[in-house]
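Colleague: Whenever a hint applies, use it, and build me the whole structure from the sequences.
Protein chains: 2
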Amino acid sequence: MDNRRGYLDLLEEILSNIPSTAQSIANSFVAEHRRLESCPIVTIASYDEAALIRSQAKPQMDSRSIKEVLEQANGIFSNRIFNNHPRFFGFIPSPTHPLTLLGDLLLASKNPHAGSWFQSSGPSAIETGLIRWLAELAGLPADTAGGLFVSGGSMANLVGLQTARDQMLGEEWEQRARGTIYVSQQTHSSISKGLRILGFSNKQVRKIKCDENFQMDCSDLERTIEQDKEAGLMPFLIVASCGTTNTSSIDPISNIHTIAKAQVPPLWVHVDGAFGASVLLSKSHAHLLKDLKHADSMSWDAHKWLFQTYGCGMALLRDRRHLLQSFATGAEYTRDAVDSGDFESPNFWNFGPELTRPARGMRLWFSLQVLGLDAVGEMIDHGFLLAETVEGELRKLDGWKIVSNAKMGIVCFRYEGTGKSVEEWDELNAKVSGICIRENKSAALTTKLDGRTVIRICAIHPEMSVEGMKEVVRSLDEVARELAAI
Amino acid sequence: MDNRRGYLDLLEEILSNIPSTAQSIANSFVAEHRRLESCPIVTIASYDEAALIRSQAKPQMDSRSIKEVLEQANGIFSNRIFNNHPRFFGFIPSPTHPLTLLGDLLLASKNPHAGSWFQSSGPSAIETGLIRWLAELAGLPADTAGGLFVSGGSMANLVGLQTARDQMLGEEWEQRARGTIYVSQQTHSSISKGLRILGFSNKQVRKIKCDENFQMDCSDLERTIEQDKEAGLMPFLIVASCGTTNTSSIDPISNIHTIAKAQVPPLWVHVDGAFGASVLLSKSHAHLLKDLKHADSMSWDAHKWLFQTYGCGMALLRDRRHLLQSFATGAEYTRDAVDSGDFESPNFWNFGPELTRPARGMRLWFSLQVLGLDAVGEMIDHGFLLAETVEGELRKLDGWKIVSNAKMGIVCFRYEGTGKSVEEWDELNAKVSGICIRENKSAALTTKLDGRTVIRICAIHPEMSVEGMKEVVRSLDEVARELAAI
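Going line by line, the protein sequences match chains A and B.
By UniProt numbering, the letter at position 184 of the first sequence is numbered 184, and the numbering carries on one by one without gaps.
By UniProt numbering, the letter at position 128 of the second sequence is numbered 128, and the numbering carries on one by one without gaps.
Think of the hints as simulated: they come from the structure by calculation, not from any bench.
Heads up, some of the hints might be wrong.
If several chains are the same, the list does not tell them apart, and a pair holds so long as it fits within one copy or across any two.
Said to hold, decoys possible - Within a straight-line C-alpha distance of at most 27 Å, the following computed BS3-like cross-link-like pairs (lysine-lysine) qualify:
id: 1; residue 1: K420; residue 2: K203
id: 2; residue 1: K431; residue 2: K396
id: 3; residue 1: K293; residue 2: K261
id: 4; residue 1: K401; residue 2: K420
id: 5; residue 1: K293; residue 2: K58
id: 6; residue 1: K229; residue 2: K209
id: 7; residue 1: K58; residue 2: K283
id: 8; residue 1: K261; residue 2: K67
id: 9; residue 1: K470; residue 2: K293
id: 10; residue 1: K290; residue 2: K58
Modeller: Quick look at the structure:
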């Protein structure tokens, strides 16, 4: 009984500290956000620091004060990339809107089990409505489309790829062994990972060539499908990208769709829109995505260009019944039981890989409701402007080559003068990136395009100014010229 | 430029509101927690209410005040089961410790990309240390064990099952088509879902009989493996449960391990410890889990009996290299590159299905640090006491049959008198559960055991009192007697 008393005392102490601590965390967060420009962009723990942090992982027997643990946590978290820094341009940055702090807190405070309608009817109704609206934006048929919120693009792609496998190849290994899948040289690695999870080997995946705009080459696609059919294989799935990670290129989805549906039987078209699909909400550029309507399935991340914290993506299906056919389990739940009622009051555990799942969609809902579509649209359009600013500024300068034009927030370029080998210029560009990171001027990482090292900027931060982008270009140019002169 | 000004004004207004709103959400949360006993346990939106909520999913063009959206959100969230209600006993309840509100808020405020070391070295060092400590608790070999935090048991099981597939059957469809998997009649549905994702058909899964204690029958297991081998199939994986959802039974893992490893080649043993593995942290019952040390892979949920909010589970592997062999992608990352250094500074995107992932482990770390192991151990032990209290009270009463003894927080029972058919008693027990839910006395759902409807109580709430549990039993008994008398 003493122990019980002790536990309840501890609980009471914690409860009484929660509101002020929440405010204090929020205060620090807002203060940090206001001085984000001067924060370090990239901090990596040294070997020794990492060893020290690892040693702090194990809990002690006794309780500790919240304040003390918070301070320790702040030290640990400082060893990270500030993904929401206006001058972080690597991978796909995560310029979360500060508002997400409240949406996340709200969800944590309610913590519904959003796997079943019984447990989470309110949040599930919002998620249902939100998914339908997003599917409608993409141009998918309102009467059949559906989907669910998942932890991100990898899971959303997995859901799409699995429904494709199950609808097109059935359950037999013999069929599946003959299936072939068409991706491009620029397709995201989560697709090959997803296919591997689903049982496909690399030998079944065809990497279709890209043209000079890093878009899938449809002639190569058609030719390769034809060859595979002649070899007795079963082409069943084309994965198109809407916003590749390297260059933000959009594959020719309409042509791909035509090719896919001209086959007998028609091929499935999955669109990886993890990054690009958010442009559907832009005010000036949504037309770029008019061909998304051809997707049989698609992925879309809210934790990229919809400004959410990590762990929020969407899988959308042209025909929501396919989700049930791939993911519904339980003896009491048979395929025959699928009727329209299930989609009005869905058990999301029958729609995807997870049984227990947080109501991730409520976080996106909260942000969209407060910000409104006008603001969100402008925030997205601003990314176009930032990348175009980089391209425009670079074109005014000698020595810079635009390797991939500004497209949907991403631009790739390379400094290349005379008197050095291409390999030496590769090295120089990598050094330019590294020096600017070390000096905290910007974190524009490098990637490889057509075998050459290029500097890549993904600039989608709504708070980054055009003047700030010009300054970033100036500093890259300065460093490049200094190095080139050596 | 006007629009830009408008956006920045909106941002400023939101920023200035964040700390007070965070405090206000936390205040409501604490107030609700203090009166949790009197809150409705189960609230389900009616058809009309759900339609209304769905219609509120779509955002408007204009921004709205945070306060207004919060109020609307509270209304929506009220349509849920309070999984953290002390008298919610269905599924596995989620008696989150209130402290998790702060851990979740903290993580949201930092939002590291915990897929790679480069982006998240501090949090990744903690996750690495925490995973190792948890694996050590389970008895897995410290020099080889590893794992990662995932969104929950379904994903953790998927990770374990995939490593089993890849290690035991290789990449060829012919081999995989011959693979057979052994689960029990009480195995959780996430296992069959996971196997389906991985490409296995139901025909490859053997449901081994359970004995009267709902544990896998090892004679049936051995016999079935033998039959499959004689039929030219390739038994490769046994899934044992540590805490089945229905009865919290633990399969005879040691015997299963002996059988598995006596085969040529030896079979893989995956343990589903999503619910039960947390007992490793109990002060008085950890010995029940001494056989976890035999697992080749295991799942473990922190959002069940470690009191975290949803979206936090662990996949643990006896040999962490197997994770890389199943999940590492990228041309630059080959299998040959696997050396010990990678495990000191891991890229978790090479350990599991997700590329982008939140640093889920930091939430568990925060709770464990503040509470300390003494408190957590007592919180877990308390669940044993609560279920035992139910069993003890029921045994004093006429008409109640204990169908499954109190085991690790779960007890199943049934009211059955004379003068009715078993089917009628089935119906009566379901009604007892339903009436107690409607009257907000308790939410003890029903399940099927040996074909009969039983009432099931999973009682793991650290704040539920023994006296409260006795009252729950009294009210169930009262309702049952009234119905039986009709």
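Colleague: Hint by hint, say whether it matches the structure.
Modeller: For each hint, the structure was consulted:
no. : hint          : result
1   : K420 <-> K203 : neither (39 Å within a copy, 63 Å between copies)
2   : K431 <-> K396 : within (22 Å within a copy, 78 Å between copies)
3   : K293 <-> K261 : within (14 Å within a copy, 52 Å between copies)
4   : K401 <-> K420 : within (15 Å within a copy, 86 Å between copies)
5   : K293 <-> K58  : between (50 Å within a copy, 19 Å between copies)
6   : K229 <-> K209 : within (19 Å within a copy, 45 Å between copies)
7   : K58 <-> K283  : between (49 Å within a copy, 16 Å between copies)
8   : K261 <-> K67  : neither (61 Å within a copy, 49 Å between copies)
9   : K470 <-> K293 : neither (37 Å within a copy, 58 Å between copies)
10  : K290 <-> K58  : between (51 Å within a copy, 20 Å between copies)
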